[in-house]
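**Student:** Below are the chains, spelled out letter by letter.
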Amino acid sequence: MADPKRPLLDPAVLARLGTLKLRVRAITEGVLSGLHRSPHHGQSVEFAEHKEYTPGDEIRHIDWKAYGKFDRYYVKKYEQETNLRAYLVVDASGSMGYRGDPSRLTKLEYASALAASLAFLLVRQQDAAGLVVVAGQVQRAVPPRAAASHLGTLVDALETVQPGGPTRLAAAVDWVIEHAPRRSSVLVFSDLMDPEERVLRKLAQLGRRKHEVTLFHVLDRAELEFPFDDPTLFLSMEDDRQVEAHGRDVRKGYLDVVTRWLDEARRIAAEADVDYALCRTERPLEEVLLPFLARREASAA
Amino acid sequence: MSLGFVNPALLWGLLAAAIPLAIHLFFRRRPRPIPFPAIDFILRARRETQRRLRLRKVLLFAARTLLLAAVAAAIARPRAEQPGAPALAAASGPRATAIVLDASGSMRYRLDGRALFERARADALGALAGLTPEEPATALVCGSEPPAAEPPGFDRAQVRRVLERAEATAAHSDLTACVAAAVRVLGSAKAQEGLPKRLVVATDLAAHAWRLDVPPPAVEGPGGGARRPEVTILDAARGSPLPNHGIVGLEAEPDPAAGPRGFKLTAVLANHAEAPLKDAPLSLVVGTGPEAKTAIRAFADLPANGTVRKSLLHAFPQGGPAVVRVALPEDGLADDDSRALALIVPREVRALVVDGAPSPVKYRDEAYFVDSALASPASPVHPRLVDAEAFPKEDLSKVDVIFLLNVRSVGSRADELRKFVEDGGGLFISLGDQVDPDQYARELGALLPMRLHVEKTADGHGSAGGEGHPARFAEVAFDHPALSIFQGEAREGLLGARTWRYVLARPLPGPGPAPRVLASFDDGAPALVEARRGKGRVLLFTSTADRDWTDWPIRTSFLPAMQRFAAFLAGSLEDRREAPALVGARWTLHLAEGEALTALVGPDGRERGRAELERGGLVESAPGVIELTPREPGLWQVKVQARGEERLEPRLAFAVSPDPRESDTRRLEPSELTAWFGGEGHARVEGQARAGTGKEIPLWSILLVLSLGAFLAEGLLLG
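These protein sequence lines map, in sequence, to chains Z and C. Sequential numbering from 1 applies to the first sequence in our numbering. Sequential numbering from 1 applies to the second sequence in our numbering.
These aren't lab readings, by the way, just hints derived from the structure by calculation. In this text, a Cβ means the ideal position worked out from N, Cα and C, and glycines have one as well. Honestly, I wouldn't trust all of these hints.
[Stated by the list, open to error] Now the stretches of chain Z that chain C is said to cover, found in silico as 3 or more residues with beta-carbon under 8 Å:
1. 53-62
2. 243-256
[To be verified] Over the 12 Å line for every Cβ pair with chain C, so calculated as not near, a few chain Z residues:
3. SER93
4. ASP156
5. ARG208
[What the hints assert, rightly or not] To give an idea of the interface, some chain C residues facing chain Z are shown, with a C-beta separation under 8 Å as derived from the structure:
6. PRO8
7. TRP12
8. ILE39
9. LEU43
10. ALA45
11. ARG228
12. ALA592
In isolation and in its complexed conformation, chain C is listed as follows (with noise of 0.2 Å):
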């Protein structure tokens, strides 16, 4: 038997009964003193009727309590249910019994009100006090870990102790190992073996937790033959169907059509269940806490048992790390109706372009593309384009990226130029017909990431009608940050690209960090080279910013590239988040030089202190590096100190997702699972209260006869 409601929410008016107490305690009468002479007759009168004046003092105020405890509890609809048949034991002698409780994340799902988790708790009790004393038992609770359990014993409080500690965890579990475990542990016990053997398994039926192409479990018998345990199913969901809508996953990616610092936040919706879902407010917010606002309210079309992919464009105000949610309406389970992501917006980077070769024509001008390129809507540099000449007068402090584009010479400012680099900036270097690869070595050989050497000149360019074999990119490291970007065909626009001439590099000699070839030539010869020099970085194209030695500058490819050079040089791509963890998943925390974690603010608000965390599994395996389990889904925000002061840090805030199949809560048929443990011989499912087996009683009637005899009580009390 167990208690539910159907407007649970409204059980806050319990707290009503509280007004008697409350009365009772602040709003008494002062007494008006009056002087009286048969002071004695009172004191003796009082003697004589004081324990029945306390006695009717306290049913009265039990009567006014609970006239307004049982009107507000009836309000909230209270109902014992009571499942089919829990006394299982009695009926054909001892047996060992293992009783399984399915703490997945699906088990989290409110029906009238109640968890299943909790109606499988309580079922699970049941079928324990419902075994006879003789009957040795055990307890499996199949969550996030490993499934385990003693073998099964007589110590009751034992057992209980298990499932009633348990807790619905949000990750998935894997009903099918947790059955074949308990299995396992039930043919364990060797003084047992002449013993019957039972499953109990307290569950909600979700399709995705168990696996019932693989064969049942089956206990090892004294002489060697397999035999099948009896199961029973117990029905946290009483048969009822469980509706549920999810995000089941989310994506962002910078889109520079939704303007600077734009991102493409795609959401995988699901509906599971048998109708479809018309008009569902989705909506988006940014930020966390009372920051926290509703950027985009949209609607999503969710089809019966299917997904669909929504996409909602933000651009952020501001460069840096982010949060965003996104949300669905809340159903029966709450857990993946919403899901975060933390993700680091690019800052703003400010280029300066050096043009080596301008020109009055525009497309003939050596800067003329990568400005346009860095300049473009939506593009998180500011590009400034100065002559070779004014170069020298540059303020070099002003910038995060500087572009030298077949600049011949840096002449005096060479020195300042690999301070600036080693200082942490950026430098992209292309070439072309002024560069003179020996000046270059005088000037930049510290900053150069290879060695210049000679010009190669691809064959057919400038042949009649331009038909040769120009070179193109090959060996392109697209898991680069710079080159990630180009996934499926967007790489054709990188590898399409045509180059007629280009310089030879060679690696510098001596020792030194080893540069990192990006892209080469299908000859061999390096084309894109990354180095790091002190802080900064240094990318050398080994052919011209313009149309000049390469079609480049006007394929598709070209635009991206130069902003997430850009982006690159200036160090702001290097601070990409990982993709959000699933719960129960191991995540790692890289802190900052002179940083130290204090505490951890899960999802609920609450914050989780050092010393609780490393009570859940929380290592630090190298300076600096915390690694931790997140059971929770939802947004977790770092609290470090650093120079003596605490403070939240968002560069490490992290997500962690619900497991995707614990949103899919489509259920067995119940004849399928019963199948599949050897037919009704064996299992049978209990609990389908709506199907017939057990029954509900509404108690709120009950609560409003109560409610009347209290107030008719109190009538004849006060009269």
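Bound conformation, chain Z alone (with noise of 0.2 Å):
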């Protein structure tokens, strides 16, 4: 359902603007009252305030020119300018192509303008952003850089991007396990068709290695209620398989599949302390960016 007071955030009103980079500005615009600067703390060169010292703080931090004006310990605390390295992957394989109705956006789509604001978000408070395009195997990779000037590059990389080929998620996490140096977060825009059933564990990977991951399960309507009433040949949007099958008969058998998908990439997810949000592509942007965001803060805290 679209909030009347945020139409731009409205999915059927993204999909009528043609570009990604006018989706990324509707969607930041009606998002950027719930930004906040970056919650991570660092070494940085900009000075931020004075904290009282607490056993545990840094020594090397303590400020002696405070001490001695005030006599009490105070540690000085900084504004870290990139404090997180962030990397986006997209999944653009074929399935990710799908939308249930002409009305909406493709799940690519969908996945897209998610990254594309994210990115917009993250490089706005001066954090390093990504972009790991892949389908069955990493198609394009752009390193993540905190730079205003990066935003464009990533944008234009998400615009081109088509769907094709099998689902290989597992090629992007060996990508960012190679040139991910030290902690970051890795944000999965995926619909999980993946023929390799442990593509989940293969994500907890990336967590065991100090990144912190976020999978946002992007599904659209029809898969998730399936409401095909006639005899229909499904053709397969990855490979040359096809199957015939009466929607009436087979609905209640997939619904059960499908719930039982979900619950077990659900439970695989808080198992692998994976951050998961599932992203149906009929439902506004800010119901997926609003929660996540708040989630990342409250983290942070």
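Take each chain as given, in its own frame, and dock them per the hints.
**Tutor:** What follows is the structure in structure tokens.
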């Protein structure tokens, strides 16, 4: 259901916006009010504030001048400029090109809009954002940078992505493990239609390497509700398979399978400390973005 | 227990049960192709639910089929019929049993949509199934063949096969003889002498099949004394009366009153029922196959338990072989509701009448009476009258018969005339005062059946008052085709003719085919003499064809006689058909030279090839002479091959009649039969359902409940 106060966040409206840039602007304008500065504090050159020393603080950060003035220990705190490196992993396999209704965004368009919006928000607060586009293999990779000009590169890259080929998220995971030297945030946008059944376990490898993993599980309404009533020839979007079935006959079984699959995905994500968010392409993007941002802020506080 | 239908014709509705299958096979919707990412889930879901779905589909299909089939079957009103008590055996120890199955024509009667024979067979099989394993049994089918059976044995399968393979014939069968044969068979097994004997007869109790005036069958006991067997009569009609009407006779005879080529067809209609039949539609159908058409529609009133003769007049449009069928509305016994007849319609005969003594006074003209007789209405003969002087100019190739009436001389045409006769033409010669026997001997000596001698004058002619003793015809060959129409009182018209003068004739000297004297005068002198010359025939009348020497021309017999002579001389009378054969009787086909029988087309329209016919008893006793036994009543058509061409030969078509005795479906009182077998201590009649010993269970209500159940099941499965 579109929010009448924020019509630009309605996917149906976004679908009518021609380019990703326009969509990003529309999205970020809608969610900017909820955006805060980076909650991560680090060793930056820019002084932030004093804080009274408590056991456990770094002794080398004690401001001795303040001690001389106030006879109390204060610790200097700095604001870190690029304290977060985020990798936006976008699944561009054939199945991501699906939309159950021509008026809706495809899953890939929805995922791209999400990824671009988050990139905008990250870069805006001097976090570094990189991009990994994956299908059967890593198709394109943009290393993370925090420069404002980098945003254009990311959006351009996302805009040119075309769905096709099989899903193989493991390739993206391997790429991130290989190229991310230190703790990073990995945001994965995928429908998880991966022939490799243990793809979530693979994502959990990132968590074990201290990366913060968030999975945006993008699905179309038709995939969740299976609104087919007639004899239908279902054609695979990633290979040559096809199956003939009467929608009414298999609906119940299909919904059971999907429910079990989603439950298992949530369970494995929880076990692997992967932040999981189910994104239905007919829902406004703010329903995904705002809770995500709120969670991040809460976890960092 | 047997199954019957009140409306068996509505069983066609059962085809509706195939509708779900037809829809499934032919009206299946083509699936719409749709790209879909989660195809693995569909496959998994289908795998998990496939068995359940398949079972559901099968159940749904079965429910729909059952729904339609049950409704269709219920409309046909089925009912189960349970005969009285077939379990006869267990009561009084093992017995040797002979089962007699009536396969006579009356058993083809359809009662409530089912043939009595089928009911009787089911009863017989039920009786067989009711026997204990230690009871030996045999079966005898009482049809058109002489009754024969194996001695009782323990091979039940063999006995069952005999009963299952039996077919009801349209022929008459004598159940008294069959029962006697069965009893003889029961007594023939020496090893079973000690066993009591039992006879089971599955029949319709038709009275005509039993001869109750002969002693009842008895088995000779070991001590030489006769013992009566225990008899169980299984009534296939379940006590119902079997009213039947039918055509029990059909004859055809030429009838000039009907016009040229007119025939009078006389059908004997019988009504074996307690109620008279009023205004029963009777139709005459002429022709076969697609060319058959109803020529006459009439009505007949049939008295209760009586017969009536009904005559129909029909003139055939052309001569040659013809087929007619007379039909009454179909009733329980369809075999006798129509009867076919194959006949030969006389072809048109072209006759040349040569007048040897013309006269301006008609009744004194030599050819007046002959010409009038041949040219009368309804005559198949077309005469052309010429004077003796004009005869030499006539073209003989355009005529079939030549009448030489008191012609003095044929002159130069004698040779031509001889060739005309030898090539198949007919010649009638009558004499008179113009004829000189010596000249005839010279000119027509090779053609004359006898040599002419002298004139003889009978006493009294020409004397005062005309009284005297004229000669009359005697020793007439009424079996001759030309004279066979003179039967009964009609002979008076021939035998009453008086002749005062005639020419004596003597047999020709030397060898040669002997002439046949068809009639002579009462003094023994030949009057009508026939002889064959080559392919043709010559008929000599030794008196005049006018009233000069005889008064025959003014007798009633003269006109038909002249027409028959013309037809006979033209060769069309010998195509006379034999009377229709009775079903099961031997029939002989005479093929023409160069013809070979390839098949027979039966009354049902089915073609039976030569091999099948030979299995059924066809034999070629002599070249071109084929004997066979037709077993179905109706018209049989013969397919022959001649000159490399296969065709139905109308000349050979023949009709087969059902045995009229089988039309009489009046039934014996059960008590009469049991009394004949020795009273109720020896015999009993079972299967009197309507008399209260059996029962009928209507099944249609069960079927409707079943269809309702199927409907509800379908709804549940769809939900």
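**Student:** Indicate, hint by hint, whether the structure satisfies it.
**Tutor:** Evaluated hints:
{"no.": "1", "hint": "53-62", "verdict": "violated (count 0)"}
{"no.": "2", "hint": "243-256", "verdict": "holds (count 9)"}
{"no.": "3", "hint": "SER93", "verdict": "violated (9 Å)"}
{"no.": "4", "hint": "ASP156", "verdict": "holds (26 Å)"}
{"no.": "5", "hint": "ARG208", "verdict": "holds (28 Å)"}
{"no.": "6", "hint": "PRO8", "verdict": "violated (40 Å)"}
{"no.": "7", "hint": "TRP12", "verdict": "violated (33 Å)"}
{"no.": "8", "hint": "ILE39", "verdict": "holds (5 Å)"}
{"no.": "9", "hint": "LEU43", "verdict": "holds (6 Å)"}
{"no.": "10", "hint": "ALA45", "verdict": "holds (3 Å)"}
{"no.": "11", "hint": "ARG228", "verdict": "violated (73 Å)"}
{"no.": "12", "hint": "ALA592", "verdict": "violated (69 Å)"}
In this structure, the hints that do not hold are numbers 1, 3, 6, 7, 11, 12, in rising order.
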